[in-house]
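Given chain H, put chain S in place with the hints provided.
So the protein lines, in turn, are chains H and S. The opening position of the first sequence corresponds to residue 1 in our numbering, with each subsequent residue numbered one higher. The opening position of the second sequence corresponds to residue 1 in our numbering, with each subsequent residue numbered one higher.
I should point out that these hints are in silico values taken from the structure, not numbers from a laboratory. Fair warning: this is a prediction, and the values are worked out from it, not measured in the lab. Hints should not be assumed to be uniformly reliable.
Claimed, not checked - Not the full set, but computed from the structure, chain S residues with beta-carbon under 8 Å of chain H: (1) D205; (2) E211; (3) L217; (4) G235.
Glycine residues also receive a C-beta, built at the ideal position from the N, C-alpha and C atoms.
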Amino acid sequence: MSKDDGARTPDGAQADEGRAVGPAPLLRVDGLRVDYRTAGGRVPAVRGVSFTLEAGSKLGVAGESGCGKSTIALALLRLLPKSARVGGSVLLDGEDVSAMRWGRLRAVRWAGASIVFQGAMHALNAVRRVGDQVAEPMLLHGTVPPGGAQARVGELLEDVGLPRWRARSYPHELSGGQRQRVMIAMALACEPRLIIADEPTTALDVMVQAQILRLIDDLVAGSGIGLLMISHDLSVLADTCDRLAVMYAGRVVEEGPAAEVVAAARHPYAAALSAAFPRVGDPESRMAPRGLPGDPPDPAALPEGCSFRPRCAVAEERCSSTDPDLWSAGDGGRRAACVKVLEEAV
Amino acid sequence: MTAELQKSGPQDGPQGASGDARPEGEPLLSASGLSVEFTGRGGRGTARAVDGVDLDLHAGEVLALVGESGCGKTTLARTLLGLERPTAGRVLFEGRPLAYGARALKRYRHRVQLVQQDPAGSLNPRHTVYDAVAEGLRIHEGATADEERRVAGALSRAGLRPPERFYLRYPHELSGGQRQRVVIAGALVLEPEALVADEPVASLDASVRGEILRLLLDLRADLGLSALVVTHDLGMAWNIADRVAVMYLGRVVEAGPVEEVLAAPRHPYTQALMSVLPESGAEEPQVLAGEPPDPTRIPGGCRFHARCPVLASGEAERAGVADACRTQDPGVLSGSGPARVACHYAALGRTGD
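Isolated chain H (complex conformation) (with noise of 0.2 Å):
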């Protein structure tokens, strides 16, 4: 614990019990782990991810398939599935999420944090008129009289630029970005402090991908909500998010502000996701398409050491021993999980 700078992830680590001065943050994450029970074994998904979103800001939460991001969604609201084993705290407004019980979890879940899912053609009911699905959280939550449900799902979808009478149509009868409109306007129903936006634009043409983004950004600014926003798309969290986190294999490897992360990355993976996504007009990568070699771990079968390693450019020896925790990569609270980093700091 000594040489680390108060950046080491603390997992597991309860040593900052009396966070003193200041109020909560809106939410807190600490040494989050998720294990899925499976047929071989355990999986770890989740290994060891802290981080903290205060009220009005927005965080961007990148990496690839099976990297553990979803899950961490899940995770808050406890709405994984019972073969999930979870560790470390969630804290929303200060209180511990791990331990609401199952009345308080219900009022949490849309009153207190919202989640928009990927994938809104599913999501919604198929069989039920769009307005009555964006009704039913604010009934059950009493949050509107019965008999002011309607009016206030028309300023809802108002909000997001949906006119009122699509309060009557069926899911179909809506293209995959009007959809996904109806997801943030049930999102924003019972008016949460916190929205956890998992690939909301994910299979969306750029133009609607834009007008979506632009609306989020609308609500959360001056709202005082804050945004967890989950993406494969590195571009896209970039130009909505302030703060960035990266994972890789279940573990956060680098975090600072959005557009340092992107443009300067101080961890090989972030790096080169970063350089996966080309900038059009830049010279550099003009038919030069970048990627990585090889596929990202199994989360049953992780290699020792750095579980990047198999696929850095620039690993060494001791990369095979040694699993680096996040430490401290410059200002702004940079942090990046990579020997080097550990090296330039001293």
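Relative to chain H, chain S alone:
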């Protein structure tokens, strides 16, 4: 009918291997005045999915066909492969109209191969990698003595090395990137002259995507393979294509060399698409309102006019072309040649910025 037309000229030798051969002369594959209509069911109008397109793919060239969903890019690609029949116009391969007889089509597909998106969906989960790759060979040539050699060759070309290690694997045992390589190997085994790839990397992770795109570039360099790549991703066009054609509502609205079209787009639609790219650095992204319009109701005049920011801002009015925008079809762009744009306003030499 069965005469093998041995054409001398651009088809001989591995030209284009340098990777930057300027497309000259006769195109390998072209669309000429191509239209594809689908009759609506249940009283819905006829959808003009492709509504008059000229497009040329030259030997050794990578051409990106970009646009949003519903713009007709996939229908155009399928028509070029002979999977859809045009309602007007023609598909030409080596200058000759495509014949739609079963045998002629089979022969054609030997030379122009489809690479589908979503490798998970296009591979049979119960076929081994070996069988998946050999399937095309068996369909086209029956049992061949050198089958294993050719399957091994295609797998290694597609980057699955050593190939023997993959023979008996099933799709579910492979990663997404490896599955896409199997799909590509299945196309390569017939030694085609051109690939038509529909969103070849859309379902892959970003870090894997680059490797597959590099493979397409390597195949062009090593084999002189041409490729028509259908994508919604302008970044990918910048990464691998020589030329780009931007489609909107059944028409190519802007086309030309990638450096020209993407570095200095002239059509207001292309400009808007570019401005909303994340990290585009555009000060004022032009987010077009609404969804792409309906191919059953293509507006008169310029088909983009109802959403056009240049018309909406009054700029087209001041330039004196607003009437033309609303009433005159800007026409069909030629299939190759220098950068060109189907826009009354841009035709004045002005652009929206």
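Results for each hint:
1. Interface hint at D205/S: satisfied, since its Cβ lies 4 Å from the closest Cβ of chain H, which is below the 8 Å cut-off.
2. Because the beta carbon of E211/S sits about 4 Å from the nearest beta carbon in chain H, less than 8 Å, this interface hint is met.
3. Hint status for L217/S: holds, given a least beta-carbon distance of 7 Å to chain H, under 8 Å.
4. About 5 Å separates the beta-carbon of G235/S from the nearest beta-carbon of chain H, less than 8 Å, and the hint is met.
Checked against the numbered hints listed earlier, the structure breaks none of them; every hint is satisfied.
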